[in-house]
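Engineer: Residue 154 in our numbering sits at position 154 of the sequence shown, and the numbers go up by one each step.
No lab work stands behind these hints, which were simulated from the structure alone. Just to be clear, a hint being listed does not mean it is correct.
Computed cross-link-like contacts, DSS-like style, restricted to lysine-lysine with a CA-CA straight-line distance of at most 25 Å [as the list claims (entries may be wrong)]:
#1 Lys210 - Lys158
#2 Lys158 - Lys198
#3 Lys125 - Lys55
For each label pair, taking beta carbons as the anchor points, the in silico distance ranges come out as [claimed, not checked]:
#4 Lys198 - Leu156: 17 to 27 Å
#5 Thr75 - Thr205: 34 to 44 Å
#6 Leu10 - Arg197: 39 to 49 Å
#7 Ser192 - Gly69: 42 to 52 Å
#8 Gly80 - Arg197: 40 to 50 Å
#9 Cys79 - Ala201: 35 to 45 Å
#10 Asn193 - Glu17: 19 to 29 Å
Note that this is a predicted model, so its numbers are computed, not measured. In this text, a Cβ means the ideal position worked out from N, Cα and C, and glycines have one as well.
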Amino acid sequence: MTENVIPEPLRPLEPRERQPETAEVLRRLLATDRWVDPWLPFPQTSCRFLFGQDKPLPVGALFLLWNAGLPWAQTCPQCGGTAYAVDFGAALMAIGWIVLVCTDCERELWQPAGHLMDISRLLDKTLARTRFRPTSMFYGGSRPSNGAELRVALGLAKPPARKVTPAARLTTTSKGPRGQSVTAARSAKTGSNRMIRKLMAKGLTREQAKTWISIYFM
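Construct the entire structure; sequences and hints are all you get.
Structural biologist: Encoded structure:
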């Protein structure tokens with residue numbers, strides 16, 4: 001664990017409403033043995049920063065922040081569990097805050113944290129030399145995400161229905177032993193191998209890539 005990024009004392013955490021859906025996303029993300037794209041945005045509403053590839057709060061950035069300890073991961077004052085930062089923002093420039101959610105009691109916790117530039121400096125201390133470093137900051141708005149892709153990856157939602165388009169007319173009449181199109185079979189195999197190579201380039205093993213394709217495309 002890296003050195004804490006802000007000095008003590010921290011301001012008290014303010015309990016808010018329970019957030020069971022966000023808590024479940026956190027639990028699955030922290031416990032999952034399934035590969036999750038680190039660039040998938042986490043569901044949040046008021047984050048005023050973009051990261052790395054100009055993405056709204058990717059889970060890879062959150063894992064680095066949580067590993068850094070305070071203020072991004074703290075003991076919940078309600079139940080003694082661990083609360084994790086899931087959002088951070090500011091009212092214009094003057095009043096900043098960090099939003100955490102406890103994975104045990106599912107309580108949302110707010111913590112005042114100076115102003116927007118203070119939060120920016122906190123992020124820079126942990127992420128500046130990583131591929132998830134902050135790339136943009138917004139004064140009059142936020143860059144929210146509903147986390148739809150992440151929910152699908154964690155098994156909390158179904159993939160969106162794919163549009164079925166008419167198959168392109170083949171340019172050959174060559175047939176296999178059972179009458180199937182040789183051209184279509186070769187094209188499907190080529191496309192599958194190409195996708196496997198792309199996924200392996202992102203860090204997956206060949207078996208993980210085949211599993212990913214079988215889940216989402218077969």
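Engineer: Take the hints in turn and mark each one as holding or not.
Structural biologist: Status of each hint after checking the structure:
Among the hinted pairs, Lys210 with Lys158 is consistent with the structure: their alpha-carbon atoms are about 19 Å apart, no more than 25 Å. Taken as a hint, the Lys158 and Lys198 pair is honoured in the structure, with Cα atoms around 23 Å apart against an allowance of 25 Å. Proximity of Lys125 to Lys55 is assessed by CA-CA distance (about 19 Å); at most 25 Å being required, the pair is judged to hold. In this structure, Lys198 and Leu156 meet the distance hint of 17 to 27 Å, their C-beta atoms being roughly 25 Å apart.
Under the hint 34 to 44 Å, the C-beta atoms of Thr75 and Thr205, about 37 Å apart, fit the expected range. For Leu10 and Arg197, the hinted distance range of 39 to 49 Å is satisfied, since their beta carbons lie about 47 Å from each other. Look at Ser192 against Gly69: about 43 Å separates their beta carbons, and that is inside 42 to 52 Å. Restraint check, Gly80 to Arg197: a C-beta distance of roughly 47 Å satisfies the suggested window 40 to 50 Å.
The hinted range of 35 to 45 Å is satisfied by Cys79 and Ala201, whose Cβ atoms lie roughly 43 Å apart. At about 49 Å, the CB distance of Asn193 to Glu17 disagrees with the hint of 19 to 29 Å.
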